[in-house]
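As they're listed, the protein sequences go chains A, B and C.
Read left to right, the first sequence gives residues 1 to 304 (this note's numbering).
Read left to right, the second sequence gives residues 1 to 304 (this note's numbering).
Read left to right, the third sequence gives residues 1 to 304 (this note's numbering).
Be a bit skeptical, because a hint or two may be false.
[What the hints assert, rightly or not] Result set (PhoX-like, lysine-lysine): computed pairs, CA atoms no more than 20 Å apart in a straight line:
#1 C:264 / B:284
#2 A:288 / B:249
#3 B:57 / B:213
[Said to hold, decoys possible] Partial chain B-side listing against chain C, Cβ under 10 Å, derived:
#4 33
#5 99
#6 138
#7 140
#8 162
These are computed hints drawn from the structure, not numbers from a lab.
No residue lacks a Cβ here, since even glycine has one placed at the ideal position from N, Cα and C.
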Amino acid sequence: MQIKATGISSKSSKGKILEVFFPIIDFDGNKTHIKELPNYETSKEIINISWGGEDLKKPISDVISAYLKLHLLSYKFVLPNSINLEGLFDSLPNVVWTNQGAISIDEIDEKLIESKLLNQDLNIRSIDKFPPLTDFIIPENVRIADASRVRLGAYLSPGTTIMHEGFVNFNAGTLGKAMIEGRISSGVVVGNNSDLGGGSSTMGTLSGGNNIKISVGENCLLGANSGLGIPLGNNCIVEAGLYLTAGTKIELFDVNGNSKGIFKGSELSDSHNLVFIRNSINGKVIAKTNKSKVELNSQLHTND
Amino acid sequence: MQIKATGISSKSSKGKILEVFFPIIDFDGNKTHIKELPNYETSKEIINISWGGEDLKKPISDVISAYLKLHLLSYKFVLPNSINLEGLFDSLPNVVWTNQGAISIDEIDEKLIESKLLNQDLNIRSIDKFPPLTDFIIPENVRIADASRVRLGAYLSPGTTIMHEGFVNFNAGTLGKAMIEGRISSGVVVGNNSDLGGGSSTMGTLSGGNNIKISVGENCLLGANSGLGIPLGNNCIVEAGLYLTAGTKIELFDVNGNSKGIFKGSELSDSHNLVFIRNSINGKVIAKTNKSKVELNSQLHTND
Amino acid sequence: MQIKATGISSKSSKGKILEVFFPIIDFDGNKTHIKELPNYETSKEIINISWGGEDLKKPISDVISAYLKLHLLSYKFVLPNSINLEGLFDSLPNVVWTNQGAISIDEIDEKLIESKLLNQDLNIRSIDKFPPLTDFIIPENVRIADASRVRLGAYLSPGTTIMHEGFVNFNAGTLGKAMIEGRISSGVVVGNNSDLGGGSSTMGTLSGGNNIKISVGENCLLGANSGLGIPLGNNCIVEAGLYLTAGTKIELFDVNGNSKGIFKGSELSDSHNLVFIRNSINGKVIAKTNKSKVELNSQLHTND
Chain A
1 MQIKATGISS KSSKGKILEV FFPIIDFDGN KTHIKELPNY ETSKEIINIS WGGEDLKKPI
61 SDVISAYLKL HLLSYKFVLP NSINLEGLFD SLPNVVWTNQ GAISIDEIDE KLIESKLLNQ
121 DLNIRSIDKF PPLTDFIIPE NVRIADASRV RLGAYLSPGT TIMHEGFVNF NAGTLGKAMI
181 EGRISSGVVV GNNSDLGGGS STMGTLSGGN NIKISVGENC LLGANSGLGI PLGNNCIVEA
241 GLYLTAGTKI ELFDVNGNSK GIFKGSELSD SHNLVFIRNS INGKVIAKTN KSKVELNSQL
301 HTND
Chain B
1 MQIKATGISS KSSKGKILEV FFPIIDFDGN KTHIKELPNY ETSKEIINIS WGGEDLKKPI
61 SDVISAYLKL HLLSYKFVLP NSINLEGLFD SLPNVVWTNQ GAISIDEIDE KLIESKLLNQ
121 DLNIRSIDKF PPLTDFIIPE NVRIADASRV RLGAYLSPGT TIMHEGFVNF NAGTLGKAMI
181 EGRISSGVVV GNNSDLGGGS STMGTLSGGN NIKISVGENC LLGANSGLGI PLGNNCIVEA
241 GLYLTAGTKI ELFDVNGNSK GIFKGSELSD SHNLVFIRNS INGKVIAKTN KSKVELNSQL
301 HTND
Chain C
1 MQIKATGISS KSSKGKILEV FFPIIDFDGN KTHIKELPNY ETSKEIINIS WGGEDLKKPI
61 SDVISAYLKL HLLSYKFVLP NSINLEGLFD SLPNVVWTNQ GAISIDEIDE KLIESKLLNQ
121 DLNIRSIDKF PPLTDFIIPE NVRIADASRV RLGAYLSPGT TIMHEGFVNF NAGTLGKAMI
181 EGRISSGVVV GNNSDLGGGS STMGTLSGGN NIKISVGENC LLGANSGLGI PLGNNCIVEA
241 GLYLTAGTKI ELFDVNGNSK GIFKGSELSD SHNLVFIRNS INGKVIAKTN KSKVELNSQL
301 HTND
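When you get a sec, could you build the whole thing from the sequences and use the hints?
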C-alpha cells in the first residue's frame, strides 16, 4: 500500500506548525478531487508525504501525521476505528481558530487588542486541538447545518444530514444516509438509513469511563433526548427520552408478547428488531419486537 | 390580496440562483421597514415579484418563490402552517454559507484551496438548504444568542429570547414573548408567556414518523431536557427530564387528587392546567392540576 | 482595595456605548497579562476606571460598570456569586455581534442591505446583551470547542475543556479542571475534577422559578442527558438520563445496602459519595454509596 499526500501548513510567527491542510491525497490509487495545487504564489509551506500501509498502524508522534490521519478519515479512505490514533491528543497543539486563520495561543492576546484598537474585528470561533471538518474538507452530498459541530476526522457518507443539534467527533460518523440531530461520540459509527433524534446521546470512550465501542445499526431510530450505551443491532428503536446503558436491566418480550426474562443492556448488544421503552405505568424498561420500519424522509437526504 | 416584493439574488459563477434576499415587501398594505433600495451600484440581480393571494396556496416550484415564502413567515406576514410549503426542499439548492457570502457546492473546493494558499480565510459556517434567519431578517425586540440556530422561515414574536441551546426551524416559532432554551421543530408554535427549558424537545413532522402537529399553549413550561409529542394546552408544565409522547400512558388526577383513570398522551391533547410528572417512587407518569403560574422573568424579555 | 482598569469602548454612530473591552486591569495588585495599550492610533474611546472595593457591592447602573464586572469574573479576580450583579440586564444594551464588530440594533437593517448590494458579507453571529467570552478574554489552559456557547462573565479554571455541547453562562463556571459537555447555568459552579456529560443540565435561577443556587462538588459526574436541581456534594454521580430535582423523592441506601428511608432531593443537598440512579425494574429513584472514583482523562485536559 502506498499513500502520497500534499499538504499546506500554517505556522505561528515562531515557526510552530498550527495545522496542515491536505487537499491532495493518493491513497493506494484512490484520489481526492483536487489533483494538483493551483499555481498561486504562497507564503505557506508545502509538505509532501509518502507513507506505506504500516504507517497507519503506528502511533502518532507529530502534528503532520495527526492531520494526515484525520484527513484520511474525513476523505473516507479509512473507516473509523481502523487506524492507530494513539498519541493524537499529545500531537495536536491547542489552536485559536479565527476568521483570520489559525492563530497560536501565545500570540492571541496581542492580536485581540490590536483588532479592537484598529477596528479589525477578530472573531475567535474556537480554541481547540481539532478544527471543524469544513475548514478543510467538504464531503459530497452532505448537509451540515452548523459547521462548528463536526470535527475534522469525522466520516460522513453521502445522504447524511447533520442538523443544528447534531454533532460528530473525530474517528466517528455515518456509513450511509442518515439524519443526525444527536451526538456521535468519538469511536461511534451509525449504519445506513438510521436517525439520531434531537439531543440523543451516544456514549463515547474518551471520557465517562466506558470501554465498549458503541455503534448504531441500520434502519434504527434513537428518539429525541434518548441515549445509547450499548452497540445497537439493526431495525431497533430507543424510545424518546430513554437512556439505555450497559447496566440497564431490561425485561425482554418475544414477538408474541411473552416475557423471556430480565437482561442487562450489555447482554442485548447487537440484537436486531427491538424497541426499547420505559413502561409509563410502572417505570420498567422493556424491549419488545419492532414491527415498524424506520423510513428516512427522502426529501431531507437529497443533498445536492 | 396583493403581495409585492423586491429581492436581491446571489448566483453561482454559472448563473444558478443560490439565495434571494427580500428587503422590501408590501403584503396587502403591510410593509417592511425598508421601503426602497439604497442607491448603490451593485452586481447583484434585482428581482421584482407581484403575487395574488392564491399564490400562497400553490406548491413551491422554484428557488425565488421558496425564499419569498420563507421571508413572509419571518416578517410575520403569515403564520406558521398557514401557507403551502410543498416543494420547498426540492426547490432550495444546498448552499455553502460562508463569510464571503453564499457559494455553490460545485465551486467550494477551489475556493477553499485558494483561500488557504493566499491566506484569505474562508470560513464555512453551514452547508444547508436553509440560511440562518439573521442573514436576512432581524426581528424586532428579540434576542438570539447563537444566530446559527434559527433558520430563515422562523416566526419570532417580540419579547422572544432564544438562548444558546434554543433552536427554531422554518415554519415554526413563538406567538408572543417566550424563553426558548429548547428546540422548536418545523410546524411547532409556542404560545405567549411560555418557557422551553434547556434541551427540551418538541416533536416535528419532518422526520421521526409523527403526523400530529405539536404546539405549546400559553403560560406553559417545558422543563429542562423534557420533551413533547402532543399539542399542549394552556398553563401546563412538563417536568424536567420527562418525555411525553402521544403513546405515553398517564394517570390523570383531578383537583382534589382523585384518580380519573389512565389516558394516552394523545387523549390529553390541548388540555389546560396540567402538570405532567413521573412519580419518582414508582415510575408512573401522572398528570395533576397545575396550581402554580408560569411567570417569565421580565428582565430577560426586555430585548431593546 | 483598589481596582484600576483601562477599557476600549465601541459606540453606535449616535454615540451610544455598545460594549467595553478591558484588556488592562490591576485588581488590588493582581494584574492582567497586558500591562499597557499598544501605541496604535485608534478611533475608539479609551476609558480609565478607579474603583474601591465597595463598588463591587453596589448594584450596576451603567454599561461600563456592567462590562467591568463581567471582566472581573472572567479574569478570575472574583468568584461567581461574590459580587453584586443587580441591574446587569437593565444596564446591558441588546447588541448585534457581527464579523464587523458590535453594531447597534437601530442601524443593522441598513448595514445588512448595504452588505448584500455591495457583496460585503455581514455575518451576524448573535443578537444578545452578552458577547461571547472569547471576543474579549482568552482564559489560559482552556479549550472551548464552540466559542459562541460561553458568555463573557464565565469563570473558567485551567484544565477546563468546554466541548461543543457545553455551555457556560455569566457568573458561573469551573473551580478546577473539568470536562464540560453540559450546560452551566448562571450562578452554578463546578468543582475540580468533575465531568458534566453531554447535554446534562444544571438548573439556573434566572428562569424556571428555582431559588436555590445549584453547584457541583469535586470528582463528580453528571451523566449524559442528566439534570441537577440540587447542590451536589463531592464524589457523586447522577446516572445518564436521570433528572434530579429538589422535589424528587429518593430512597437512600447506606454502604451495606440497607434502606435509610425516602428523602426529598433537597434533603440530600451537598451530601457526598452518592450515586443517583433510577431503578430500571421499578422506576424508583434511589441513592447509594459511590464506590467508584471519577477520573478525568488527563489527555483531554492538557490544553497547552
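Now the hints, each set against the structure:
| no. | hint | verdict |
| --- | --- | --- |
| 1 | C:264 / B:284 | 17 Å, holds |
| 2 | A:288 / B:249 | 17 Å, holds |
| 3 | B:57 / B:213 | 19 Å, holds |
| 4 | 33 | 6 Å, holds |
| 5 | 99 | 5 Å, holds |
| 6 | 138 | 5 Å, holds |
| 7 | 140 | 8 Å, holds |
| 8 | 162 | 9 Å, holds |
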